Amino acid sequence: MSTVVAETTTPSEPTLREGAFGHAKGLSCRECGHAVELGPHYACPECFGPLEIAYDFPQVTREEIEAGPANIWRYKALLPVPSDIEQSPNMEPGFTRLLRANNLGRELGIDNLWVKDDSTNPTNSFKDRVVACALSAATEFHAKVFACPSTGNLANAVAAAGARAGIKTVVFIPSNLEKPKQVNSAVYTDSLIAVNGNYDDVNKLASEIAGEEDGWAFVNVNVRPYYAEGSKTLGYEIAEQLGWRLPDQIVIPVASGSQLTKVDKAFQELIKLGLVEDKPYKVYGAQAEGCSPVSVAYKAGVDAIRPVKPDTIAKSLAIGNPADGIYVLDICRRTGGAVEDITDDQVREAIVLLARTEGIFTETAGGTTVGVLKKLVETGQLDTSLETVVINTGHGLKTLDAVADSVGPAATIDPSYAAFAATGLA
Amino acid sequence: MSVSVRIPTILRTYTGGESEVTAAGGTLAEVLDDLDASYAGIKGRILDEAGQLRRFVNVYVGNEDVRFLDNLATATPDGTQISVIPAVAGG
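Same order as they appear, the protein sequences are chains A and B.
Residue 1 is where the first sequence starts when you use the numbering used here, and the numbers rise one by one after that.
Residue 1001 is where the second sequence starts when you use the numbering used here, and the numbers rise one by one after that.
Hints should not be assumed to be uniformly reliable.
Subject to a maximum C-alpha distance of 30 angstroms in a straight line, what follows is the list of computed DSSO-like cross-link-like pairs (lysine-lysine) [as the list claims (entries may be wrong)]: (1) Lys204(A) - Lys144(A); (2) Lys1043(B) - Lys204(A); (3) Lys375(A) - Lys299(A); (4) Lys25(A) - Lys309(A); (5) Lys279(A) - Lys265(A); (6) Lys1043(B) - Lys309(A).
Since the hints were derived computationally from the structure, they do not count as laboratory data.
Source: prediction; values computed, not measured.
For reference, chain A alone in the conformation it holds in the complex (with noise of 0.2 angstroms):
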């Protein structure tokens, strides 16, 4: 257990299990790179910025990874777990689809498309990875409960993950949130809190607790780091199913703009190793116009991200003061890509194009990222003949409302071949 003054609940076990962070080192602070032991701490004890995991890698092969089990854990040796993780009760998330988008290529004009399709992940999202990763940290730091401020689709990985591992889960929620997704947490816990507010309001509540309450791990606040290191797996799944390369270009959506800086470690760390080959590659952020910080201090040239009141149809995206944004805005600019928005009615519209052209259907997060792939293709900002990765983060039935209005029967009809006829389908 770390001695150093930090963030922490103070689990009620101070000892460290040898080799229970795999091969991390240490925590670092992203801004001022102050070291800190390993411990459920978040914030630099210097200057609040980020801690982030330190590694020291060893030498891993391509055969080793391909040697592993179809979920993150093939990846085990780049993350924050012990080697003995599939022995743990967990959700083995992971190793989702990539499929190639001929149809959504020709639609948009892009030569070689693929979507990362994290729909297919245990519950439905690409959260099911981060929580994997946390789990494992709250395990071995004896947490007594498993806790998170959600916009939805974390709630619903940590309810289930809780619920898998045996231990007490209390996740908590905006009121206002979708009905699917507050079922889809109430039915693996008894403690789902719904809060009056906003994103950031749950989110400021859930760091007083975290403060307050002893062994209590909430995954993306005093676990923080160890939690975001499971972004990282979206990169190695994707540069392996590319054949062990980098795509060219990539669009992610962004909240907190945590899983977009987690992908591109990911990128940087699988050419550091040698696993693939280092070259240029492009990341494109999205956001929903309604909520749009990050895409509106990049058009503004700006590094300060100005916080907002989010409104928008897109409500897993609606983090109106993304703490992260700073590094998004690093990052898209360094690669040569760029951060879009885009409105509500185009947050539908592209979840109905994915849909008839892929047969993905994605909740509005998803189609906020393809409907900025749409926008960037038609702005001239995103290079067509450049092979491009689009990432789909969760399932439409989550959030059914968005399109629910807007599709529906082309025709109801008597039971009755001239009526049929009569529609012009046959």
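Keeping the supplied structure of chain A fixed, place chain B upon it in accordance with the hints.
Chain B alone, transformed into the frame defined by chain A:
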């Protein structure tokens, strides 16, 4: 004016482990000055070298982020609850 300030764990070394302390001041800037008079050095952890709120700290007056109010000039009426909370990414 007396206000209550919630202190995050990484700053409780300054307050002797107290998670909530009282301070005085009509604006957030005055409250931070008064806080620093009682707990020397704490203001320098919350504000950067330019005297502005650090990028990864959120300060709330009541339930509102002061970035939506008047930042350091935000009024802090008697009895106000102020919270200092690290910013975290990951929703």
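Against the structure, the hints come out as follows:
no. : hint                   : result
1   : Lys204(A) - Lys144(A)  : holds (21 angstroms)
2   : Lys1043(B) - Lys204(A) : holds (21 angstroms)
3   : Lys375(A) - Lys299(A)  : holds (14 angstroms)
4   : Lys25(A) - Lys309(A)   : violated (38 angstroms)
5   : Lys279(A) - Lys265(A)  : holds (14 angstroms)
6   : Lys1043(B) - Lys309(A) : holds (28 angstroms)
Violation of the numbered hints given earlier is confined to hint 4; every other hint is satisfied by the structure.
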